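Participant: Spelled out from the first residue to the last, the chains are:
There are 4 protein chains.
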Amino acid sequence: MNKNTTNKLKILNDPVYGFIRIPNSLIFDIIEHPYFQRLRRVSQMGLSNLVYPGANHTRFHHAVGCLDLMQKTVRVLRVKGIDISEVEENALCIAILLHDVGHGPFSHALEHSIVEGITHEEISLKYMYQLNEVFKGKLSLAIDIFTGKYHKKYMHQLISSQLDIDRLDYLKRDSFYTGVAEGNISSDRLIAMMNVVDDELVIEKKGIYSVEKFLIARRLMYWQVYLHKTSLVAESVLVKVLQRAKELAQKGEAVLASEALNYFLRSKIDKESFDKNVLKVFSQLDDFDIISAIKSWMNHEDVVLSYLSKMIINRELLKIEMHDKQIKNQYILLIQDKVKKQFNLSDSDLDYFVFTGEISNQAYNKEQPIKIVSKKGTLKDIAKASDQLNLQALSKPVTKQFLCYPKKLI
Amino acid sequence: MNKNTTNKLKILNDPVYGFIRIPNSLIFDIIEHPYFQRLRRVSQMGLSNLVYPGANHTRFHHAVGCLDLMQKTVRVLRVKGIDISEVEENALCIAILLHDVGHGPFSHALEHSIVEGITHEEISLKYMYQLNEVFKGKLSLAIDIFTGKYHKKYMHQLISSQLDIDRLDYLKRDSFYTGVAEGNISSDRLIAMMNVVDDELVIEKKGIYSVEKFLIARRLMYWQVYLHKTSLVAESVLVKVLQRAKELAQKGEAVLASEALNYFLRSKIDKESFDKNVLKVFSQLDDFDIISAIKSWMNHEDVVLSYLSKMIINRELLKIEMHDKQIKNQYILLIQDKVKKQFNLSDSDLDYFVFTGEISNQAYNKEQPIKIVSKKGTLKDIAKASDQLNLQALSKPVTKQFLCYPKKLI
Amino acid sequence: MNKNTTNKLKILNDPVYGFIRIPNSLIFDIIEHPYFQRLRRVSQMGLSNLVYPGANHTRFHHAVGCLDLMQKTVRVLRVKGIDISEVEENALCIAILLHDVGHGPFSHALEHSIVEGITHEEISLKYMYQLNEVFKGKLSLAIDIFTGKYHKKYMHQLISSQLDIDRLDYLKRDSFYTGVAEGNISSDRLIAMMNVVDDELVIEKKGIYSVEKFLIARRLMYWQVYLHKTSLVAESVLVKVLQRAKELAQKGEAVLASEALNYFLRSKIDKESFDKNVLKVFSQLDDFDIISAIKSWMNHEDVVLSYLSKMIINRELLKIEMHDKQIKNQYILLIQDKVKKQFNLSDSDLDYFVFTGEISNQAYNKEQPIKIVSKKGTLKDIAKASDQLNLQALSKPVTKQFLCYPKKLI
Amino acid sequence: MNKNTTNKLKILNDPVYGFIRIPNSLIFDIIEHPYFQRLRRVSQMGLSNLVYPGANHTRFHHAVGCLDLMQKTVRVLRVKGIDISEVEENALCIAILLHDVGHGPFSHALEHSIVEGITHEEISLKYMYQLNEVFKGKLSLAIDIFTGKYHKKYMHQLISSQLDIDRLDYLKRDSFYTGVAEGNISSDRLIAMMNVVDDELVIEKKGIYSVEKFLIARRLMYWQVYLHKTSLVAESVLVKVLQRAKELAQKGEAVLASEALNYFLRSKIDKESFDKNVLKVFSQLDDFDIISAIKSWMNHEDVVLSYLSKMIINRELLKIEMHDKQIKNQYILLIQDKVKKQFNLSDSDLDYFVFTGEISNQAYNKEQPIKIVSKKGTLKDIAKASDQLNLQALSKPVTKQFLCYPKKLI
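Chains as they are written, first to last, in the working numbering: chain A, 1 to 410; chain B, 1 to 410; chain C, 1 to 410; chain D, 1 to 410.
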């Protein structure tokens, strides 16, 4: 027995994959960094747990899950004769580990209320630069892969494309924790079918049905889970709560919040102004700040704020109607009118209780095709290789309109 | 504790569903009957275990799995207010339990070599009549449901339709035992979404994605598993072996076989001649007769028979080419010519080693639509309800041609 | 199709059991009550997610899981001839649903720092009385079963005994979410083996190995998961943080906290003083209050509070030593001395950084035996029925000592 | 994409582990050899499928499962600094792949009726020598490891010891296919805990509960599955059938059987006479020979043979009584007397219908201890390291007596 062996901390239990091995001490130290530990307090699926009570897994778990899949992918590609150096493997691992580190609390929902005009990918990149300083340049190659600057283009595709490691993990993991078994995909098989041709990530021909299955599963997860109408109304109300709080805060009214949340309520942060100092405050922000604030706002004297806050905490949400077509203005006006009278609301407050929105999903994006390689080595877009499924139809974005308003309308 | 209670034999372990409860002693006695016990010796997936080594489950297990799902279905429908009497429940259970009892060894492959012009469903019905005599008329209602004579039409749809209990079990079970996780379907969710409207079995609207997923999973199982090219060539060779044995037997040559197999090799049995006595012999036939005979034929003096037999037993099969289009005659002739010379074969024997075939699968059959019911109670064909997936495309049968010939052709 | 049928809200997805059906509208309304919804914000396993990142499931999910198992149990017992009325079934469901409703945030860890001298079971009972008022006496029978007053004694055993529904769910669920597959138990089989003899809950003889397996699995979960040394030190530090905050608060210093937490920091609540009003405040308390407060305390000017708070949030915990025997005083003194000097601490502050504790687990409690019934109906304590496993040895409580102190001691 | 890469045949689907990779072409060719392919026709669990209908997996699947676990084990040990060369890895893989190749049909049951005084391990070794000739000496190191001659003793322990790869696979696999979830073990965790100290295979201390769990799971599988009373009586009757057939054959009576089975019925083969030629005949023998013969014997004119044969095929077995203590002679005589009269049997034939037997299982064998290594590197027998479980008690062999006789005794 070699003495300096397995640090027990280097293996993590994962109900999805069994064990996840942390390959080396640099990656271990990145995971230990408070910037990464914060992800333990950011749920992967926002308020979906109001519908699927098992969906409490975190971005932390998703990120280390991606790390695991990336290691498997590198092993598969090497067996197929693709040359990947240890340095490159490490960079791929770091890039996928950090690809989502910029997510704020409740993820997507808050991208447009806490900050404005800056995506979580851009914030992830800011984190990477910051960590690259901490770790003395050891993240440079990971950053080049993440930003698509590295000459091996397929490595970027592993991080970000229609069939990237991110999707392979989150679909499998979200399906597992929600218990929506039909969203389950075989990440192992998809990885086993990966190859690289002309510096492009491709899928071998016998994996064609698995790719189709993956696209259908992803679509099912979108409509059945991610865009489930109860999650949707919950996240919409959440955005409204924060908008209201921000409105009050910026008028100078007292709005109880953690220091970090308070900062974002009182400031207007966009891409320009999001500098190192903002990043530091942002790093203190997680789901706990938001929920705690909303809990305290249940007793706020502003009726709009308190009413919306109670909706979230007690799970007594607005009613939501889904429409396949544009909702008629007349109908909206009718509802607005009723609500206004029944609840005695001003015009400006009305928008917090009656509002519309749009959701959209595109099952397949032809702009960034998934490529299938035949035994002879020729490449084909899956949308053409699969003549039966009509992926052409699947590439048309599907859009739905929704309308929210109080239940118990007389 | 009531003394005369749970007979321990009335629960079966099932790795797929956990426990299967046998609901009463009539059904227990049917299962105990040698006609049903025979299914323990008929594999569900024929020679697929040559590709998927875990696929050794039997028709017995599939049938009791269906029994379990049928009980769950009845429970769900009753909760939704559908009135199903105990007598009807029992008949449904018996009908699904026996729906496949007429399968011969290696199922589909032998439907056209052992017997001719009679389907396994027709043989199942013969078994039911026979068992109805044994059990003194207690199977009459089950038979009526099975044959579609019972006035509640939806009950027949539970036994036989595009979304019947049979498919819900075999897809899940075959996916489980092959390890092709992507074929897994959520039978529980599909059952939970079932309802009955205007005496038709329908799926509630929120189950629409699950139905799509089910259709895609089934299609994947067809192309990836059931019609896997190695299974295909194995089953084709199996048919050839039996044809050759039959040819020799009918010429009066000695062909070692069990009594039952011998009977079918020497007789021409079709729908007309398949009477009670034939049924009795048929009941003695299972996978063991076939494999044992083939093992003995490995040393038969007829070179064609011995050569083909070795292919099956030692898993040294013919080469198979799959083509999307009609294979050119010229190409086939070329191959035939080569094989004939290299192996020194007569024209008539050549057909055993070089042959073509066709496989086909239709993911969705518009003739017997799966109907979706909206909240308001209106019915729609899934092919219309699902505007995105283009089920229209999926209803076009897909056909492939294949060509088999010896490996190691010079 | 009956129109007033399945309210879609009455089925919950559960990755562990598939679907959980909420049997009726009374139970549905109890679940919707804010008292019960609070459990969505109380994690089942406290800080175990610092070791097992998947362990983020909540007390809400555990409680509805119990509801599911209780329904299955009633179904099994009825098949065996045990007479259980619908009213009783409902009461059993409510009793198990609410058995843990009195848990505070981070459960056990905080039972002795937030409140004193009152157990979570006692608080659960207070909730039940309160809800009984809300629901106009419909919980009375559930309360009688919960408190053991109902004349059918075995019903209380289903709620609370060595093999109660609570354990059947939490062991399975915790094993599932941690990914410690070895803790998995077959709740279905154990339930299938249940029976009632002389008003006692018993296990049929053929379930003897399953009971043994259950006891071993539970023991494994204790030592490997619940008492994992990293969880242990995390929860110990958590208690210390709250003690320090309470100390400061009661000295009159400013300690940021939610209104509810603030109340408990500033008051001394014990069994006597825990009245309706306290219950109301308690109902506003969950994991979010605690973690948010600790996050804010990371910058508190009290060095002890801030230092301990950072330990939790950044997962940089104290070192922990486990000992099988009593730890020698001399050794503790040595450590204390070192820490005091190195960190320049006062005697009273030292206790926050160097402390000992004891953990204990008893795999089997002979005082409340699990009884096995033979085919002839005679009862035996499992400890005697299982002659091989030596359950006698398993009934000896195992106790370990631990010592915590700062890492990086010179 | 490197052209000469992944031969698609080199990955096998396994529902238990996902994918199994065949590491190189030598091992691929061994698997393709008819000697190994035969294992596809030998069921792993004999007649257990009469009780557990899912248990139809084969020795082929078990052997390739072992191959998979061995590769994982080598990977783990290398990470811990144990030096294993590629040549050694390959030998380990071959040794575990072939460790059971000598099993005859229905495994253990027939070890003493088809052949005598030679174990399946000895036959496995004969196969290895034979294959070593075929593969020109490439199996020599595997043979040395298998026979314990190689100087690295721990490698033999991986092939054969109380915690060998064989057990890690068969317990997990048998639990999976029977659906007895409680027998499930975490082979991955046990492998992750393996190490080598002083040339001994050891388990790291934190794996102690997993080892205990493994021992309990194994014991449960023995009593609940492998020695289930219905399997037991089925296998006992199977042995009786073959004894009777042998008796008749050796008297010169006609007994229909395949050529290979016929050979063994008419000859007396023991260790001495089991030479190359016998091995060749043995290689043609599998489950299909046995079941086909028994099916034909159902109509044999010898009443004893036909009656016993029907028992197996129609699953109408003898009654079996299990006793913890020696069964009293008087009681046996009483039964014998009744049966003799009721069925009008001669004294010598009586033994085929009334017989006793003994089964025994030892949960832990102290002679070949499982060793636990502490962090400091000291070794301890698990029986001592685990003070709570009383493994001492588990090392006492448990023995049960059984008595079989016809049902429906008047």
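Because the hints were derived from the structure by calculation, they are not lab data. What you are looking at is a predicted structure, and each value in this text was computed from that prediction instead of being measured. Each hint should be verified, as a subset may be incorrect.
[To be verified] List of simulated lysine-lysine pairs, DSS-like, C-alpha gap at most 25 Å:
1. Lys-325(A) <-> Lys-375(A)
2. Lys-325(A) <-> Lys-206(B)
3. Lys-408(C) <-> Lys-396(C)
4. Lys-407(B) <-> Lys-10(D)
5. Lys-407(A) <-> Lys-338(A)
6. Lys-229(A) <-> Lys-375(B)
7. Lys-384(D) <-> Lys-280(B)
8. Lys-396(C) <-> Lys-384(D)
[Unchecked claim] If we take Cβ atoms under 8 Å as the criterion, some of the chain B residues that face chain A in the derived model are:
9. Glu-182
10. Asn-184
11. Tyr-226
12. Thr-230
13. Gln-401
All residues carry an ideal CB built from backbone N, CA and C; glycine is no exception.
Participant: Which hints, by number, does the structure contradict?
Facilitator: 1, 3, 7, 11, 12 and 13
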